[in-house]
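**Student:** Residue numbers (this note's numbering), protein chains in the order written: chain A, 1 to 312; chain B, 1 to 312; chain C, 1 to 312.
The set of hints was computed from the structure by calculation and includes no laboratory data.
Keep in mind the model is a prediction, meaning the values are calculated, not measured.
C-beta: ideal position from N, C-alpha, C; glycine also.
Check each hint, because a few of them may be wrong.
As the list claims (entries may be wrong) - With a Cα cut of at most 20 Å, we get these calculated SDA-like pairs of lysine to any residue:
id	chain 1	residue 1	chain 2	residue 2
1	C	Lys90	A	Gly159
2	A	Lys89	B	Lys90
3	C	Lys311	A	Lys120
4	B	Lys90	C	Gly135
5	A	Lys123	B	Glu292
6	A	Lys38	C	Glu46
7	C	Lys187	C	Glu205
8	A	Lys89	B	Ser58
9	A	Lys89	B	Asp276
10	A	Lys123	B	Gln24
11	B	Lys43	A	Lys295
12	A	Lys120	B	Ser280
13	B	Lys40	C	Glu205
14	B	Lys152	B	Asp276
15	A	Lys123	B	Ser286
16	A	Lys242	A	Asp227
17	C	Lys311	A	Lys295
18	C	Lys90	A	Lys89
19	A	Lys43	B	Lys90
20	A	Lys43	B	Gly260
What the hints assert, rightly or not - Have a look at the derived ranges for each label pair, beta carbon to beta carbon:
id	chain 1	residue 1	chain 2	residue 2	range
21	A	Gly310	B	Gln225	22 to 32 Å
22	C	Pro113	A	Gly250	50 to 60 Å
23	C	Met83	A	Tyr245	20 to 30 Å
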Amino acid sequence: MNFKGQHILSTKQFDKDGLIELFQTAKKMEKVVDDARKGKQSKILEGKILATLFFEPSTRTRFSFETAMNRLGGRVISNFDMMNSSSIKKRETLWDTGKVVSQMTDIIAMRHPEVGSVEKLAKGSDAPVINAGDGPNQHPTQGLLDVYTIWKKFGKLSGLTIGMVGDLKYGRVPHSQCDLLKHFGIKFIFVAPKALKMPEEIVGELKKSKHEVLEVEDFGSVIGQMDVIAMTRIQEERFANKDEYKKYAGVYVLDKKLMGKAKKDSIVIHPMPRVDEISSDVDLDSRAKYFEQVKNGVVIRMALLAKVLGKI
Amino acid sequence: MNFKGQHILSTKQFDKDGLIELFQTAKKMEKVVDDARKGKQSKILEGKILATLFFEPSTRTRFSFETAMNRLGGRVISNFDMMNSSSIKKRETLWDTGKVVSQMTDIIAMRHPEVGSVEKLAKGSDAPVINAGDGPNQHPTQGLLDVYTIWKKFGKLSGLTIGMVGDLKYGRVPHSQCDLLKHFGIKFIFVAPKALKMPEEIVGELKKSKHEVLEVEDFGSVIGQMDVIAMTRIQEERFANKDEYKKYAGVYVLDKKLMGKAKKDSIVIHPMPRVDEISSDVDLDSRAKYFEQVKNGVVIRMALLAKVLGKI
Amino acid sequence: MNFKGQHILSTKQFDKDGLIELFQTAKKMEKVVDDARKGKQSKILEGKILATLFFEPSTRTRFSFETAMNRLGGRVISNFDMMNSSSIKKRETLWDTGKVVSQMTDIIAMRHPEVGSVEKLAKGSDAPVINAGDGPNQHPTQGLLDVYTIWKKFGKLSGLTIGMVGDLKYGRVPHSQCDLLKHFGIKFIFVAPKALKMPEEIVGELKKSKHEVLEVEDFGSVIGQMDVIAMTRIQEERFANKDEYKKYAGVYVLDKKLMGKAKKDSIVIHPMPRVDEISSDVDLDSRAKYFEQVKNGVVIRMALLAKVLGKI
Numbered sequence: 001m002n003f004k005g006q007h008i009l010s011t012k013q014f015d016k017d018g019l020i021e022l023f024q025t026a027k028k029m030e031k032v033v034d035d036a037r038k039g040k041q042s043k044i045l046e047g048k049i050l051a052t053l054f055f056e057p058s059t060r061t062r063f064s065f066e067t068a069m070n071r072l073g074g075r076v077i078s079n080f081d082m083m084n085s086s087s088i089k090k091r092e093t094l095w096d097t098g099k100v101v102s103q104m105t106d107i108i109a110m111r112h113p114e115v116g117s118v119e120k121l122a123k124g125s126d127a128p129v130i131n132a133g134d135g136p137n138q139h140p141t142q143g144l145l146d147v148y149t150i151w152k153k154f155g156k157l158s159g160l161t162i163g164m165v166g167d168l169k170y171g172r173v174p175h176s177q178c179d180l181l182k183h184f185g186i187k188f189i190f191v192a193p194k195a196l197k198m199p200e201e202i203v204g205e206l207k208k209s210k211h212e213v214l215e216v217e218d219f220g221s222v223i224g225q226m227d228v229i230a231m232t233r234i235q236e237e238r239f240a241n242k243d244e245y246k247k248y249a250g251v252y253v254l255d256k257k258l259m260g261k262a263k264k265d266s267i268v269i270h271p272m273p274r275v276d277e278i279s280s281d282v283d284l285d286s287r288a289k290y291f292e293q294v295k296n297g298v299v300i301r302m303a304l305l306a307k308v309l310g311k312i
Numbered sequence: 001m002n003f004k005g006q007h008i009l010s011t012k013q014f015d016k017d018g019l020i021e022l023f024q025t026a027k028k029m030e031k032v033v034d035d036a037r038k039g040k041q042s043k044i045l046e047g048k049i050l051a052t053l054f055f056e057p058s059t060r061t062r063f064s065f066e067t068a069m070n071r072l073g074g075r076v077i078s079n080f081d082m083m084n085s086s087s088i089k090k091r092e093t094l095w096d097t098g099k100v101v102s103q104m105t106d107i108i109a110m111r112h113p114e115v116g117s118v119e120k121l122a123k124g125s126d127a128p129v130i131n132a133g134d135g136p137n138q139h140p141t142q143g144l145l146d147v148y149t150i151w152k153k154f155g156k157l158s159g160l161t162i163g164m165v166g167d168l169k170y171g172r173v174p175h176s177q178c179d180l181l182k183h184f185g186i187k188f189i190f191v192a193p194k195a196l197k198m199p200e201e202i203v204g205e206l207k208k209s210k211h212e213v214l215e216v217e218d219f220g221s222v223i224g225q226m227d228v229i230a231m232t233r234i235q236e237e238r239f240a241n242k243d244e245y246k247k248y249a250g251v252y253v254l255d256k257k258l259m260g261k262a263k264k265d266s267i268v269i270h271p272m273p274r275v276d277e278i279s280s281d282v283d284l285d286s287r288a289k290y291f292e293q294v295k296n297g298v299v300i301r302m303a304l305l306a307k308v309l310g311k312i
Numbered sequence: 001m002n003f004k005g006q007h008i009l010s011t012k013q014f015d016k017d018g019l020i021e022l023f024q025t026a027k028k029m030e031k032v033v034d035d036a037r038k039g040k041q042s043k044i045l046e047g048k049i050l051a052t053l054f055f056e057p058s059t060r061t062r063f064s065f066e067t068a069m070n071r072l073g074g075r076v077i078s079n080f081d082m083m084n085s086s087s088i089k090k091r092e093t094l095w096d097t098g099k100v101v102s103q104m105t106d107i108i109a110m111r112h113p114e115v116g117s118v119e120k121l122a123k124g125s126d127a128p129v130i131n132a133g134d135g136p137n138q139h140p141t142q143g144l145l146d147v148y149t150i151w152k153k154f155g156k157l158s159g160l161t162i163g164m165v166g167d168l169k170y171g172r173v174p175h176s177q178c179d180l181l182k183h184f185g186i187k188f189i190f191v192a193p194k195a196l197k198m199p200e201e202i203v204g205e206l207k208k209s210k211h212e213v214l215e216v217e218d219f220g221s222v223i224g225q226m227d228v229i230a231m232t233r234i235q236e237e238r239f240a241n242k243d244e245y246k247k248y249a250g251v252y253v254l255d256k257k258l259m260g261k262a263k264k265d266s267i268v269i270h271p272m273p274r275v276d277e278i279s280s281d282v283d284l285d286s287r288a289k290y291f292e293q294v295k296n297g298v299v300i301r302m303a304l305l306a307k308v309l310g311k312i
């Protein structure tokens, strides 16, 4: 797949070779970060400007894009409160906003609460646009960093048993992970309450492409089979009442005791922020990779910025 | 005129020679931008810091200043929500804010909803201050980029027929354009509803200085004479009621059909954001320059920053 | 004392030698700033990234940290509205926020309205954290720049008579100044209304360590003895009613007339913003150092950033 000059709007754009190529580039970026931290600044994106347009706040994602750009020697202009920008209040279309901002900058990373919004802006933009989250729809760099974390640990993806736990119905994260992992031969274990099961459409597609899929409600009975334990948050808003929320939220909590049943060589990933779904006594377990994921997010975004800007 | 170390508060500061000098510098800046986009970063303003102080949001203007500073190798510190800064809430005077911020930075770009506010801050500041809009009063870099866009296209200003269309009474933009264009021999055509006519004071001044001025209500009857069609938005707030607004807003809409009557060699400019006053079917017309204006805004601000900081 | 890799949370961390070492480094930083302003950018912190996390707005303090980082060739990522960040709204702990942000950046400067909040974040952080104010508790770089301003003027601290005027009970600033000055032999004169006297605990500690302490209500009777006149704001919120506030606020106003009684060689400092407590007719008096303090704040933060990052 070709990266140069492309908008990155969805995990569906990526094919197997593109993913491996991106992961290999991300791996090389770790040295660029190490060098920067030691005072040797990369000049790969020198002269380039990234605009971050955030229509809803997400410090972690914005900081990750901005760190990535800075580590490569590029520069950043930023608005993390775009909903209050005068253009938007004056009813400027997203097409116009994209056209205008792209006259100034070389690449745009955008987040917005509405499905399809980033694509609208990208249609007007003369510069490549990276979707940093469009509501419940897509957030491709999150999926990419999740799968990169797995690939980096195991040196491969095919043949792994990957468990996804929590809200698999509404969660943008597990859907994106499936989009990317389906290019490799995976055994999926989906652990969710009945009301929050992985959509049948996704399960069907995975099965059709010869993946093994196991769907269960009992986390403890399957954790021992998983190479990857991909946790997600169960949001209170999804439930009819607080009692029902507490019932399920209480069930899918990963703690030290449950980690005792997990494989020695497995890893735990989570998109963060976590609240109660991973107990803090797991943090020091060397299998916990959710903080390392933040580092992986920087290098995957560095790889993407460099490739989309045609510099690698 | 001397730029070095000057506050840039008003279009009234500029004389004919100063304008041409600035435009010629801006033209050279286009190569600096091209070089940066190819990875060759300018060092003209290396070491310098621009503070952007925005007391009301304007992403486009702020991004333009910040892009300009970055393209020249300078750095930026930014606050786009100054109304909520603790100093302002603690009733610090703008004089003090100017004095304080200028102890840290080399130049300041400021926007504020109140007339005269930027001048107040500039009085306290030890660093040059550029007015990025003080309410309905002044926004000199907007006027400069408008006139630069015309100069760049025609290679001259004298002898042109320039039409201004829309709200000519309250619009800061057409007033600034007149301030700058009056140094050249221009034929002005002002197209506005009676309630929104160009103020008599400005018309009088232009006539006194031997400019030809035509004032009409009917856009279609004069568009064919214009070298420049300078559109502005008619704001709903200006009218007694919605019906009256719609009556006028509906009249001054530039669309493909109307463009059929315009000169082959004319250009359309607009300060953006546009809402309904320019139909999207005009966007692909090569005479539409309102997106190119955004690029011109960056180079005119680069020229101004470099000149005020004494580097060119 | 060792700076490298340390969190800087409190003025209580500093000892006499550490302070002098820091002040000497800050003095050298003045040349780095001069060089930058002339276009010669330092590379001392090239490659490093500072994150500024402000949970309450403080433009002056944030700008000072960001200017300091930029003057040293480092880069900045910034959030000045952290209270609205999605992680915080999703109830992420400060420990997690610290862990996450420190995976991306090399150093963090944080401000928060709650006592102890910065320490909580620092506990999770893998990168050094500098407290840029945690509510009424600590704001060490403010105290450091105050005392640096005195040291720079007099070339020493021991033997000076230092007056503190205003709200000495609740004011974070005078408490921090005492924390730092207590390492040197100082004569303290505390001028405050009865209701806002310096806490007995601090007075006791100073007396125990053989400092001379004078406590008075009448400013005019003692100003002539002071080498340093350290003014602070009396906040209206501290009083039962507006009348009582006005009574005291009116008393501790430093104006040209009162400056007539002050020593020729004294200096006036103030943390800014000032409202009515220093009359603007004092601004041009060469003894007024409250704007120069802003410059001193930049170099003291440069020294701290460079030392904590192990680069000097």
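**Student:** For each hint, tell me whether it holds in the structure or not.
**Tutor:** Now the hints, each set against the structure:
Restraint check for lysine 90 of chain C and glycine 159 of chain A: not satisfied, since their Cα atoms lie roughly 35 Å apart, outside the 20 Å limit. The straight-line distance between the Cα atoms of lysine 89 of chain A and lysine 90 of chain B is roughly 28 Å, outside the 20 Å bound, and the hint therefore fails. Restraint check: the Cα-Cα separation between lysine 311 of chain C and lysine 120 of chain A comes to about 46 Å, which exceeds 20 Å; the hinted pair is violated. With a C-alpha separation of about 16 Å, the suggested pair lysine 90 of chain B and glycine 135 of chain C falls inside the 20 Å cut-off, and the hint holds.
Distance check on the hinted pair: lysine 123 of chain A and glutamate 292 of chain B sit about 17 Å apart at the alpha-carbon level, within 20 Å; holds. A threshold of 20 Å between alpha carbons decides the hint, and for lysine 38 of chain A with glutamate 46 of chain C the separation of about 9 Å falls inside it, so the pair holds. Using a Cα cut-off of 20 Å, the hinted pair lysine 187 of chain C and glutamate 205 of chain C holds, with the two alpha carbons roughly 13 Å apart. With a C-alpha separation of about 10 Å, the suggested pairing of lysine 89 of chain A with serine 58 of chain B holds against the 20 Å cut-off.
Distance check on the hinted pair: lysine 89 of chain A and aspartate 276 of chain B sit about 14 Å apart at the alpha-carbon level, within 20 Å; holds. Distance restraint check for lysine 123 of chain A and glutamine 24 of chain B: the Cα-Cα separation of roughly 34 Å exceeds the 20 Å cut-off, and the hinted pair is therefore not satisfied. With a C-alpha separation of about 31 Å, the suggested pairing of lysine 43 of chain B with lysine 295 of chain A is violated against the 20 Å cut-off. Restraint check: the Cα-Cα separation between lysine 120 of chain A and serine 280 of chain B comes to about 15 Å, which is no more than 20 Å; the hinted pair holds.
For the hint pairing lysine 40 of chain B with glutamate 205 of chain C, the CA-to-CA distance comes to about 59 Å; that exceeds 20 Å, so the pair is violated. For the suggested pair lysine 152 of chain B and aspartate 276 of chain B, the alpha carbons sit about 27 Å apart, so the restraint of at most 20 Å is broken. Restraint check for lysine 123 of chain A and serine 286 of chain B: satisfied, since their Cα atoms lie roughly 19 Å apart, inside the 20 Å limit. Between lysine 242 of chain A and aspartate 227 of chain A the alpha-carbon distance is near 33 Å, which puts this suggested pair outside the 20 Å criterion.
A C-alpha spacing of about 23 Å is found between lysine 311 of chain C and lysine 295 of chain A, which places the hinted pair above 20 Å, so the restraint is violated. Of the pairs offered as hints, the one joining lysine 90 of chain C and lysine 89 of chain A is violated, with about 27 Å between alpha carbons and a cut-off of 20 Å exceeded. For the proposed pair lysine 43 of chain A and lysine 90 of chain B, the alpha carbon gap of about 43 Å is over 20 Å, so the pair is violated. Taking the CA atoms of lysine 43 of chain A and glycine 260 of chain B, the gap is near 49 Å; set against the 20 Å cutoff, the hint is violated.
Under the hint 22 to 32 Å, the C-beta atoms of glycine 310 of chain A and glutamine 225 of chain B, about 46 Å apart, miss the expected range. At roughly 33 Å, the beta-carbon separation of proline 113 of chain C and glycine 250 of chain A lies outside the given 50 to 60 Å, and the hint is violated. For the pair methionine 83 of chain C and tyrosine 245 of chain A, the beta carbons lie near 25 Å from each other, so the given range of 20 to 30 Å is met.
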